[in-house]
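*Asks:* This is what each chain is made of:
There are 2 protein chains.
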Amino acid sequence: MIKIVVDLMGADKPANELVSGAIKAINENKDLTVVLCAKEEVILPVLDTLTYNKEQVEIVNCTEEITNNDIPTKAFRKKPDSSLVKGLNICKNDPLAGGFVSCGSTGAVLVSSMFILGRIGEVRPCLACLLLGNDGEFLISDCGANVDCKPEQIVDFAKMGVAYMKAKGIENPRVRLLSNGAEEKKGPDAIKEAHQMLKASGLNFLGNVEGKDILASTCDVVAADGFGGNTVIKTIEGTAKALFMDLLAKAKASTSEAEALVLKKTVKELMAKYDYNTLGGANLLGVTKPVIKGHGAGEAETFYNMIKEAYALAKGNMIGIMEKLLTE
Amino acid sequence: MIKIVVDLMGADKPANELVSGAIKAINENKDLTVVLCAKEEVILPVLDTLTYNKEQVEIVNCTEEITNNDIPTKAFRKKPDSSLVKGLNICKNDPLAGGFVSCGSTGAVLVSSMFILGRIGEVRPCLACLLLGNDGEFLISDCGANVDCKPEQIVDFAKMGVAYMKAKGIENPRVRLLSNGAEEKKGPDAIKEAHQMLKASGLNFLGNVEGKDILASTCDVVAADGFGGNTVIKTIEGTAKALFMDLLAKAKASTSEAEALVLKKTVKELMAKYDYNTLGGANLLGVTKPVIKGHGAGEAETFYNMIKEAYALAKGNMIGIMEKLLTE
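Chains as they are written, first to last, in the UniProt record's numbering: chain A, 1 to 328; chain V, 1 to 328.
Because the hints were derived from the structure by calculation, they are not lab data. Since the model is a prediction, treat every value here as computed from it, not as a measurement.
List of simulated lysine to any residue pairs, SDA-like, C-alpha gap at most 25 Å:
1. 252(V) / 258(A)
2. 268(V) / 245(A)
3. 264(A) / 245(V)
4. 264(A) / 267(V)
5. 250(A) / 218(V)
6. 273(V) / 267(A)
7. 273(A) / 267(V)
8. 241(V) / 247(A)
9. 74(A) / 182(V)
10. 252(V) / 259(A)
11. 192(A) / 153(V)
12. 250(V) / 272(A)
13. 54(V) / 2(V)
14. 250(A) / 261(V)
15. 250(V) / 132(A)
16. 186(V) / 115(A)
With the rest of the complex left out, here is chain A (with noise of 0.2 Å):
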């Protein structure tokens, strides 16, 4: 059995709108179970309206939240009762527990994340977004946690990708290294020394990408320094965007409302596809037990799917697959 520790506060919505996607993960999963981590008397009346195995929850009573307001570098000890700090000194202690999700403040979530549940060893951790190319899922890593970085740190960034991915079943994850050309002689020099380190890791590492590959599922994990990565993620945010309002003002110019329709429809079909929150959220890699951060406009049907998705890589055994790569 594998519980997931489920942080219900500091998101946009409260806690009772967004409780049935913990439900609907544990229906799907008999050996999952999930700790709620909110004001009961918030979640209570939801949870008593909903149809689940009353074993597979475990309810954890908190009074204080950590919103945008506090000062992340504070907040774990100033709020100690909060869902934050409750639901990851949980994860940190009970054997069963395999992973941590919330929709509550970034900065809250990775400071107190790297505090309480403590790095691996000594990597400098980093955040980990997982996409949909042409071909299906790959991750970036880092997308943003860390910038200036040593060319060490971004093979820590793929080392760390690929324990994901094995977690999630891709046997001998292909990595690819983020760089603006595709020769090994292309880009900053900590890229390039990266590029070296990669060659020799004992990775599966097929050389470099450039931003105009990156969604063609050349690989499995591209590597990059937190400024390339975030840039990356939210230029295809903003270009998918850009298109999708294209779609859209063709719609509303065009004189037929048959072609309007199949215009509107394709965009709403589209939209989640490229939109990095919807999917998995981002990932914290190289703290000791899977934290997954969604957005703060998460809804219900984000906790499920960052549940999911924390279960699977619990289940993968990411951490110890991490640990290994990361010391070898």
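Knowing the structure of chain A, use the given hints to seat chain V on it.
*Replies:* Just chain V, lined up with the frame of chain A:
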């Protein structure tokens, strides 16, 4: 009268398939002359079939061609009778010459331009790409000529971009700085320093821009180090390509012929907007004349667009504005 020097060789297509683009440009602008650099025997038969004012065309016979197989740093010495070298020399020495356009080898065009035309003062030249946002054109500068940039270089990229947009008629171009967050404290050290310098530069600086807002037309010039700028333009291209593939896949899978037609037509209409090659090519800024380098796969229409753009930059006195901004 403004002369634009046109290097018709070194592209994937032969000069005879490209020359009509130059003729289209002069037929639209009575005070434009094109200096066509190519093998006479290749272009004369085509020119004979076209209608245009002979006084607006100068032909420079070139017996050599620089290709991607030539070493960029050596090509311009080894092939003095190439269209690239002869064209750049005319561009340098003819006081009426207002700019140079080519679809030849990128490395050779850049190196030869810097060597033959020379730089403006001590500035590090950059590559700037014109893109279409939701609300019109904007420029990203640098797009890949320089990595590991110093903050003062990034400020120069901004200034050169501003000169470009001023020449195009934007009175007080809005400048933003590419970073991995909107806040001024976000980003690598060089970007954070560049932010402070831009604030004090006297430019119309509006702060950082993230990848997700690049196409939202919140500025006229995006200042970036070459790694970030390159990542942005290539990710835009790749995302658009992936989305177009999704639309075409939907068209293929659709059981409704009308729906499939709408989707295919839409892709066709939007494709050019997200291809940074079609708009104006990449601009080499920081040399003493406007230089535009189009994609190797450029067609007659590419030359038409590049010539129009170079003509506009010459007419708008980009170089004069740039010299002033860079020495202020």
